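Protein chains: 2
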Amino acid sequence: MSSEVSHSRPSFQNTALRERAKRVVPGGMTGHLNAALLPAGYPQFFERGQGCHLWDVDGNEYIDFMCSWGPNLLGHHHPEVEEAVRRQHAQGDCLNGPTARFVELAERFVERTAHADWALFQKNGTDATTVCLMVARAATGKRKVLVAEKAYHGADPWCTPIPVGITPEDRAHLIHYTYNDVASLEAAAQQAGNDLAAIVCSAFKHDLRVDQELPTPEFARRARELCDAAGAALIVDEVRAGLRVHAGGSWETVGVRPDLSAWSKSIANGYALAAVTGVEALRDAATRIYTTGSFWQGGVAMAAGLATLEVSQRDDVVSHIARLGQRFRDGIAAQSASHRVTVRQSGPAAMPLILFDDDASLKKGAAFTVETLRHGVYLHPCHNMFFSLAHTERDIDLALQATDSAFAVVASRYGQC
Amino acid sequence: MSSEVSHSRPSFQNTALRERAKRVVPGGMTGHLNAALLPAGYPQFFERGQGCHLWDVDGNEYIDFMCSWGPNLLGHHHPEVEEAVRRQHAQGDCLNGPTARFVELAERFVERTAHADWALFQKNGTDATTVCLMVARAATGKRKVLVAEKAYHGADPWCTPIPVGITPEDRAHLIHYTYNDVASLEAAAQQAGNDLAAIVCSAFKHDLRVDQELPTPEFARRARELCDAAGAALIVDEVRAGLRVHAGGSWETVGVRPDLSAWSKSIANGYALAAVTGVEALRDAATRIYTTGSFWQGGVAMAAGLATLEVSQRDDVVSHIARLGQRFRDGIAAQSASHRVTVRQSGPAAMPLILFDDDASLKKGAAFTVETLRHGVYLHPCHNMFFSLAHTERDIDLALQATDSAFAVVASRYGQC
Chain A
1 MSSEVSHSRP SFQNTALRER AKRVVPGGMT GHLNAALLPA GYPQFFERGQ GCHLWDVDGN
61 EYIDFMCSWG PNLLGHHHPE VEEAVRRQHA QGDCLNGPTA RFVELAERFV ERTAHADWAL
121 FQKNGTDATT VCLMVARAAT GKRKVLVAEK AYHGADPWCT PIPVGITPED RAHLIHYTYN
181 DVASLEAAAQ QAGNDLAAIV CSAFKHDLRV DQELPTPEFA RRARELCDAA GAALIVDEVR
241 AGLRVHAGGS WETVGVRPDL SAWSKSIANG YALAAVTGVE ALRDAATRIY TTGSFWQGGV
301 AMAAGLATLE VSQRDDVVSH IARLGQRFRD GIAAQSASHR VTVRQSGPAA MPLILFDDDA
361 SLKKGAAFTV ETLRHGVYLH PCHNMFFSLA HTERDIDLAL QATDSAFAVV ASRYGQC
Chain B
1 MSSEVSHSRP SFQNTALRER AKRVVPGGMT GHLNAALLPA GYPQFFERGQ GCHLWDVDGN
61 EYIDFMCSWG PNLLGHHHPE VEEAVRRQHA QGDCLNGPTA RFVELAERFV ERTAHADWAL
121 FQKNGTDATT VCLMVARAAT GKRKVLVAEK AYHGADPWCT PIPVGITPED RAHLIHYTYN
181 DVASLEAAAQ QAGNDLAAIV CSAFKHDLRV DQELPTPEFA RRARELCDAA GAALIVDEVR
241 AGLRVHAGGS WETVGVRPDL SAWSKSIANG YALAAVTGVE ALRDAATRIY TTGSFWQGGV
301 AMAAGLATLE VSQRDDVVSH IARLGQRFRD GIAAQSASHR VTVRQSGPAA MPLILFDDDA
361 SLKKGAAFTV ETLRHGVYLH PCHNMFFSLA HTERDIDLAL QATDSAFAVV ASRYGQC
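Chains A and B supply the protein sequences, listed in that same order. UniProt numbering puts the first sequence at residues 1 to 417. UniProt numbering puts the second sequence at residues 1 to 417.
Next comes chain A alone, as it looks inside the complex (with noise of 0.2 angstroms):
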């Protein structure tokens, strides 16, 4: 290995700004885009993207396999959804009420979710679940909600992964399950008893520092038919999956049809924009409950959904980035093997998370991470990945020729299997 060619210029600006950032907000960063939870080396601060590149404060240029955690789905500055935004934008955005891009929408959504025979729209990931879950004890009167054990579902007190400034009650509901543990499925079901509202699963599970899983067809069965059975709403959590396993939502790989989905993060191309689909039992309770807010019938963000829906599903994005994935994982797989460092890859291809063995640590992570950084590339560590259809097989191969570095570090350092 060779740690003298550095893609790297001197981190200046970034760290300029971390040093004023520091002094005007708590802990200088907080939440998901914390660059302080990644290994030391990582920029906290981006100055432009375009389509899957980003760079940094400093210059330094990215290959993204992170799209923002999400969002951006075809790339940054997609010339359609610009395109669409520009129009709309023109026009107005923030109104007294909505623009015809709230019908159009609702009516797209409602058209390609298998599911779907209605829409609203939010902002956040975190209001569409908790608009799902407030629909699903609307509607059926009871309380209980079983999610499972350690699942990210947003970040309001009901959910958020750290519990701090909560109260017990904001959770006194909740029942916990293993994902696609159907006995333990069974099990938080009988819990919750005749008080049972709602069963919320993520599309698939996307744990964070834990290999991933898709759903097994047993276990989504066998959570549609314990709603079925005591009249209780089954909620697909989709805002990290959506748009990126299956065009007509995520449970149609296994057969299942959910009454609720979350959607957010690549449903507007990284526009702000959230979306909770429902069935018709439900469109009555959804009408009952009462969530808002300031900017969510903005007209830009559903110009930029509507150009995303449309160009997801016309350019295929699941699978452009279904194969671009599937070509990563097999390179990391030969990589892993010719440097006999052993990594387990999990989840759909298009959503990757790597992890090493023997790395309870994160240490060998870290160093490989890093190192790819180092030339350009940007991955992380513990967290899923994200494919675009701004991918192309060069950005892949481009990848792995810093990926194979990488795993000459870690081969180095930590040694070899």
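Since the hints were made in silico from the structure, they are not lab data. Keep in mind that a hint or two might mislead.
[As the list claims (entries may be wrong)] EDC-like, lysine to aspartate or glutamate: derived pairs with alpha carbons at most 20 angstroms apart:
hint	chain 1	residue 1	chain 2	residue 2
1	A	22	B	404
2	B	22	A	104
3	B	22	A	280
4	A	150	A	211
5	B	363	B	404
6	A	363	A	404
[As the list claims (entries may be wrong)] One-sided and incomplete, this derived list gives chain B residues near chain A with beta-carbon spacing under 8 angstroms:
hint	residue
7	119
8	120
9	123
10	130
11	135
12	152
13	270
14	290
15	333
16	400
Remember, predicted model here, so these are calculated numbers, not experimental data. Note that CB positions come from ideal geometry on N, CA and C, so glycine has one too.
Chain A is fixed; fit chain B onto it per the hints.
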């Protein structure tokens, strides 16, 4: 009065969109922008905004006094905001981390907000009020939060004004007081005992359908004292009033500084942005909670926020809208006297509310605003309204021509006093 002269074109587009919306959106529309909550005749769908003017989907033009329910502070398509947006948009918006705009905006918020030592950003006003509660609870380790009866602080389960689809536990630790009623505030604090985390106060009382009230200095000071005595956080909800009452924070007008403020609506002139500002003592708690959103760090809304803060201060939007608000208020008062139809005007002149005497059913308010709407003036019958920097004396005078006709309608239909 004359009802022959109608401003309105036939509402073909609006009607058609409503019909389409009914099929794919629960109730056709939800939330505060739902025209079903307004008198018959209000348009649901809008096409365009420019300055303080709006056009509905049928081409009807309105002088707008709702400002998108707050966000439109400087006028739609304000050139300096749009130029800042254009520049940031060309670079990037939703990336793998924030842009430099994040630091600049936090610096500007801290600089201009009297109580603030730090800032955090979100998307919805509800995000901001919820983050305030989490910070207060994290800092104090206490649970109880005092909120004013009927105050609006957003639409999460803990605060949505229509408590459907929620559980009693979502509000287990709320204790209610009456705004501006010191005795009720003291009683609520006593009820909280040694478990008081926070007192939440709207910047002023702006509840639906009732007269608005500015905070009395006695009330504001007592809220401050009670928080100080209990080690609790004083939270001012600036989501609706922010930047329209006082540039440094609305309670500067009563000489009381909060520990936390929640901002949204106006702060980025219609771009989706919210903020929490806080004092040094709460910085650590704000670091320990975990809240985040997929789009919270987007650079474009922050660029809009920076331009909005700069222009609003430089052009002294507070004085401008206070002056125009007073011109409108004076005109309404004179017309009320001359038509012998009594109304109550309450709250800051820049955020007026007009309620008719003897009008519990809001029939007079409806007749009044529907008539102004026909003359191309968009008022609200029972919610506070908003002025913007884009409003001119001529807009006020044109609006007063419409209200003169509207007073005549009310007088003729419901009698004089």
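A quick look at each hint next to the structure:
| no. | hint | in the structure |
| --- | --- | --- |
| 1 | A:22 to B:404 | violated (55 angstroms) |
| 2 | B:22 to A:104 | holds (12 angstroms) |
| 3 | B:22 to A:280 | holds (12 angstroms) |
| 4 | A:150 to A:211 | holds (13 angstroms) |
| 5 | B:363 to B:404 | holds (17 angstroms) |
| 6 | A:363 to A:404 | holds (17 angstroms) |
| 7 | 119 | holds (6 angstroms) |
| 8 | 120 | holds (6 angstroms) |
| 9 | 123 | holds (4 angstroms) |
| 10 | 130 | holds (7 angstroms) |
| 11 | 135 | holds (6 angstroms) |
| 12 | 152 | violated (10 angstroms) |
| 13 | 270 | holds (4 angstroms) |
| 14 | 290 | holds (4 angstroms) |
| 15 | 333 | violated (26 angstroms) |
| 16 | 400 | violated (20 angstroms) |
Consistency note: the structure conflicts with the earlier hints numbered 1, 12, 15, 16.
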